[in-house]
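Asker: One letter stands for each residue in the lines below.
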Amino acid sequence: MASFGRFIRLAFGAWALLLLVTAVPASAQQVNPTASAVKEQQLLQELNRIQGRVSIPDQRSGVLEQPQGREWREFRNVTLPWIGGIAILGMTAAIVIFYLTVGMVRLEAGRSGRTIVRFNAFERFVHWLTATCFIVLAISGLNITFGRPLLLPLIGFEAFSEWSQWAKYAHNYLSFPFTIGVVLIFLMWIGGNIPSKVDIEWAKRGGGLIGHDHPPAYRFNGGQKMIYWIVVIGGGLVAASGYALMFPFYGTGIEGMQMAQIVHSIVAVLFVAAMIGHIYIGTIGMEGAFEAMGSGEVDVNWAREHHSLWLDEQKAQTGPNDGQPRPATAAAE
Amino acid sequence: MARMKFLCDADRCIECNACVTACKNEHEVPWGINRRRVVTINDGKPGERSISMACMHCTDAPCAAVCPVNCFYTTADAVVLHSKDLCIGCGYCFYACPFGAPQYPKVGNFGSRGKMDKCTYCAGGPEADGSKEEYEKYGANRLAEGKLPLCAEMCSTKSLLAGDGEIIAQIYKERVMKRGYGSGAWGWKTAYRETIES
Numbered sequence: 001m002a003s004f005g006r007f008i009r010l011a012f013g014a015w016a017l018l019l020l021v022t023a024v025p026a027s028a029q030q031v032n033p034t035a036s037a038v039k040e041q042q043l044l045q046e047l048n049r050i051q052g053r054v055s056i057p058d059q060r061s062g063v064l065e066q067p068q069g070r071e072w073r074e075f076r077n078v079t080l081p082w083i084g085g086i087a088i089l090g091m092t093a094a095i096v097i098f099y100l101t102v103g104m105v106r107l108e109a110g111r112s113g114r115t116i117v118r119f120n121a122f123e124r125f126v127h128w129l130t131a132t133c134f135i136v137l138a139i140s141g142l143n144i145t146f147g148r149p150l151l152l153p154l155i156g157f158e159a160f161s162e163w164s165q166w167a168k169y170a171h172n173y174l175s176f177p178f179t180i181g182v183v184l185i186f187l188m189w190i191g192g193n194i195p196s197k198v199d200i201e202w203a204k205r206g207g208g209l210i211g212h213d214h215p216p217a218y219r220f221n222g223g224q225k226m227i228y229w230i231v232v233i234g235g236g237l238v239a240a241s242g243y244a245l246m247f248p249f250y251g252t253g254i255e256g257m258q259m260a261q262i263v264h265s266i267v268a269v270l271f272v273a274a275m276i277g278h279i280y281i282g283t284i285g286m287e288g289a290f291e292a293m294g295s296g297e298v299d300v301n302w303a304r305e306h307h308s309l310w311l312d313e314q315k316a317q318t319g320p321n322d323g324q325p326r327p328a329t330a331a332a333e
Numbered sequence: 001m002a003r004m005k006f007l008c009d010a011d012r013c014i015e016c017n018a019c020v021t022a023c024k025n026e027h028e029v030p031w032g033i034n035r036r037r038v039v040t041i042n043d044g045k046p047g048e049r050s051i052s053m054a055c056m057h058c059t060d061a062p063c064a065a066v067c068p069v070n071c072f073y074t075t076a077d078a079v080v081l082h083s084k085d086l087c088i089g090c091g092y093c094f095y096a097c098p099f100g101a102p103q104y105p106k107v108g109n110f111g112s113r114g115k116m117d118k119c120t121y122c123a124g125g126p127e128a129d130g131s132k133e134e135y136e137k138y139g140a141n142r143l144a145e146g147k148l149p150l151c152a153e154m155c156s157t158k159s160l161l162a163g164d165g166e167i168i169a170q171i172y173k174e175r176v177m178k179r180g181y182g183s184g185a186w187g188w189k190t191a192y193r194e195t196i197e198s
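Here the protein sequences come in this chain order: A and B. Residue 72 in my numbering sits at position 72 of the first sequence, with consecutive numbering throughout. Residue 67 in my numbering sits at position 67 of the second sequence, with consecutive numbering throughout.
Because the hints were derived from the structure by calculation, they are not lab data. In this text, a Cβ means the ideal position worked out from N, Cα and C, and glycines have one as well. Be a bit skeptical, because a hint or two may be false.
Claimed, not checked - Quick list of the computed label-pair ranges, beta carbon to beta carbon:
hint	chain 1	residue 1	chain 2	residue 2	range
1	B	Thr157	A	Ile86	34 to 44 Å
2	B	Tyr73	A	Ile155	25 to 35 Å
3	B	Tyr73	A	Tyr169	18 to 28 Å
4	B	Glu145	A	Pro177	44 to 54 Å
5	A	Pro149	B	Lys158	36 to 46 Å
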């Protein structure tokens, strides 16, 4: 019995020893479950974002990390205020200097007392629809970039937030009539705004802005064509990028929205700068210009000085001795 | 004062979503909004990892920097909070956030979005601590009661750590030392511009 007991003990001991000997290399070999694991920095370097699967319904939350918001922040807080500040203040300063040195472009021949229809009621309606929307959109938009440093310290958090809230609603909802206005402007005036050789001559003579030069022009001169294309292309870009921001995740992700905001804001500040120039030349910058969009009728002498070829066209249509010029028809109605 | 941080030990996270559920329940977070979520990377493949992510309460927070109405503020515990009374729902914080934390109750409603909602580190908002108004807008204020965020408290594997940055970094370092591996503190470099050397 004793020998059997010894045999059992020996056998068990040998088995235990064997187990230990075979186990030693296994435990000495360090198990590292992270050896093949995904690494944060590696993933970020590969894609600049980390994405995975989530079990909640909101699949967009599967994006774990996207540090490129940092570059967007730099744009929004530093680059954009510089671009906007230079464009808008630069344009304003240029106009003030121009006005003080050169002054208003006068009607050289004075008023003839006879007028000619330049823009019909529909054209003027579309212009002012777009213009009023634009002014509200511009102010509410600039508020997003410049309100926090400039206006907030003056009126305080509550008032500024309240104002910004209404400004945002105005910005979002007026974008629709504005877009309609831009589309109508595009269709209505495309006929007169195709660049031609006359515009090159017009541009060479500086548009007659300085001195007493009056380069010939059809219904729209080179400068007006520029404004037209700024409105059509700029308006198209701000509308497209704006709607991308208004309807998040419809076709774009976060990067898409960052890009949309960059396009929207750069085009918008340049657009505002261009429109400051447009407003100047249409009001105090040129005698007799405002009437075109005011009453719709301009003085014949104004038309002769600034749009000589257009006046000839109109005269040819109405006959040389017709004292009452016929209303101009819209180009693409 | 402490510098509060979150740390998710990805080597321990088992994607049980207890943190997500705890958060939703504790704060009665509206339908469609998840202040915290668990993202699984390389799902089903070798090296798969799950990470629980919410607002990381960044140092020099991008959301606060880009907010047009300056509605964000940082508490003495370095928790990044915001005022829903001042928020205009413009979406800028959500473009700037590296972690997808800001969310809006009305996505796609002509861009009106509604007031932004995000993780408060269980620290409520600008209203009086523990008040009814605070609870309705931001959820419970556990920090004011001396408690840590519930997501981390409820974590079944103690993967998600919340608390003073130095203390939780120390805990994580000790873990890494003891077990001999660690895939790092996810998001720390982006949020706090630092990592935990292990």
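Asker: Any hints this thing doesn't respect? Which numbers, in order?
Answerer: 1, 2
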